[in-house]
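If you read the sequences in order, they're chains A and B. Take 62 as the starting number for the first sequence in this note's numbering and just add one per residue. Take 154 as the starting number for the second sequence in this note's numbering and just add one per residue.
The hints are simulated quantities; they were obtained by calculation from the structure and are not laboratory data. For every residue, glycine included, the Cβ atom is placed at its ideal position computed from N, Cα and C.
On the chain B side, residues computed to face chain A include the following (Cβ under 8 Å):
id : residue
1  : V177
2  : I186
3  : I190
4  : L194
5  : L201
6  : F204
7  : Y208
8  : G212
9  : F215
10 : F218
11 : D222
12 : A225
13 : I229
14 : L234
15 : F237
16 : K241
Each chain, letter by letter, is given below.
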Amino acid sequence: MIPSGDYIRILPEIVLSIFGMLVMVIDPLLGENDDRKSIGVVSAIGALLALGATFIMAGHPGEAFYNILRVDDFAVFFHVVVILIALACILMSFEYLKVQEIRQGEYYGLILFGTVGMCLMSSAIELVMLFVAIEISSISTYILAGFRRRAAESAESSLKYFLLGSFATAFFLYGIALMYGATGSTNVDAIAAALRQGTPVMAYLAIALMMVGLGFKVAAAPFQVWTPDVYEGAPAPVVALMSTGPKAAAFAVLLRVLFGTAAPGWFWAVWIAAALSMTIGNFGALVQTNVKRMLAYSSIAHAGYLLVAFIAVRNMEQGVSAAMFYTAAYAAMNVGAFAVVSHFASAGEKYVSIEDYAGLGRRSPVLAAVLTVFLLSLIGIPITGGFFAKFYVFRAAVSSNLIWLTVIGLVNSAIGSYYYLRLLVMMYMKEPQSEESVPSVPFAAGFAMAGCVVATLYLGVFPNRVLQFAIESARTLVH
Amino acid sequence: MAEITTLHYLVVAAALFLTGVIGVLTRRNVIIILMSIELILNAVNLNLVAFSRLYNLHGQVFAIFIIADAAAEAAIALGILIAFFRNKETVNMDEVDLLKW
Chain A
62 MIPSGDYIRI LPEIVLSIFG MLVMVIDPLL GENDDRKSIG VVSAIGALLA LGATFIMAGH
122 PGEAFYNILR VDDFAVFFHV VVILIALACI LMSFEYLKVQ EIRQGEYYGL ILFGTVGMCL
182 MSSAIELVML FVAIEISSIS TYILAGFRRR AAESAESSLK YFLLGSFATA FFLYGIALMY
242 GATGSTNVDA IAAALRQGTP VMAYLAIALM MVGLGFKVAA APFQVWTPDV YEGAPAPVVA
302 LMSTGPKAAA FAVLLRVLFG TAAPGWFWAV WIAAALSMTI GNFGALVQTN VKRMLAYSSI
362 AHAGYLLVAF IAVRNMEQGV SAAMFYTAAY AAMNVGAFAV VSHFASAGEK YVSIEDYAGL
422 GRRSPVLAAV LTVFLLSLIG IPITGGFFAK FYVFRAAVSS NLIWLTVIGL VNSAIGSYYY
482 LRLLVMMYMK EPQSEESVPS VPFAAGFAMA GCVVATLYLG VFPNRVLQFA IESARTLVH
Chain B
154 MAEITTLHYL VVAAALFLTG VIGVLTRRNV IIILMSIELI LNAVNLNLVA FSRLYNLHGQ
214 VFAIFIIADA AAEAAIALGI LIAFFRNKET VNMDEVDLLK W
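Same shape as in the complex, but just chain A:
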């Protein structure tokens, strides 16, 4: 008999699933010519209710369903981040879907279902559950990537994402199978207990294979090859979702698996992945002419900065909390940047090259100002969330004596500022190429952008509350 308290521990997931199905039922019931905005509104309400459900869930920490899930502060933190990301993406899709003429019901349904997967990823402590959660989130994003299905780029991006994604999942599964063989259990805690007794060679192999799978999901080098192609072809609001949501969830999984199981032999693997991701991401972004592609390389670089926090082992609490803060700050600024990109792209995603942004400061001062905030935050300028995110990560790294990695990271931040600044210069110091006026931002997308601006500045001016919460939840994770 499953105690009813268990259902409260998956309340946000239940709410999201119900609304996902509801949205898919409403779509065919509407007439061909009806306004389909209501579908988006329903799914936004679903996301809001899920956010409320998360706070109810937060009041009932503990294990659920025979130890396959654990609700703790750590899970709550990632639930909130992921659901807010989904909400912002839903809001910015209202106008986008209309402009691009995309069918709506399944689109919102898939966003909500994908969010269910990401939420479960952050609370799963059983590898079977983890696998199912990862697949729910990945399969939804595979389909979403191909939603502009009349555009060849979108179909191609979806195909690439799917092939490489399922290949990576297969590696991850092989790793899980070997881990089961090495320890006789699929529960994270039981695995940790077994590994403390001694580490069979098979466990090292298992960890290596699992890291391949998760490395793919977070787009860390050397498994980053798919990122630019997929981000360029996929619809812009979907990129906002998949560059932050599944990534945040996969980082949560990495934190739980690496620290939870006290996994052996990952230090140098993560060290190299972090250094490579930062370098490849930043150098790759320097030569891009497409904004979405540039942001894709930038997201690889940011995955690298985040990984730095993972190896700050001397002071795990600091490392874990820095990583959590970084996911939140990165989500705010990156979703915001893609909100601007998806609004500006117009029908058929026409305007996505960096030249198209020339003179945006004059053509649409507000839009340019909003994008400026996000770009400054991505660089890591003070009073934006990006500054404290980088600051905490590198502070954790220095206090764990990772001097070389810190140096590589700082040099990379300097290189990185070049391509963000190039976009700023383009917006403010170049003559506009066309006099065509930029369509004004509709309410929903504007609300999403404003929310991201507020979140970015909030994290940059008052980082303490979020950081304090992150430190406390890190404590429950590391113990």
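Since chain A is already given, all that's left is putting chain B on it; use the hints.
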């Protein structure tokens, strides 16, 4: 006749895994690549079931989940492939070339 031990299963699984990986990396037809990925998943299943002889039923239950997931993945894959085929009239990986730097 010598008894079949867990190790035998593991060797077969590893062989299947390698076949799958080589298939994904060298074949150019998307359908064959999908089949190769299925091979890797089956290698995982074999591993799990073999290990579950040593420990408990968890491995077998896990294998059932993987079979279900493989079915879902195949359905999605063919859907995406059809959307792709409508645009480019090909299933050859070498012609998947619109997006690159």
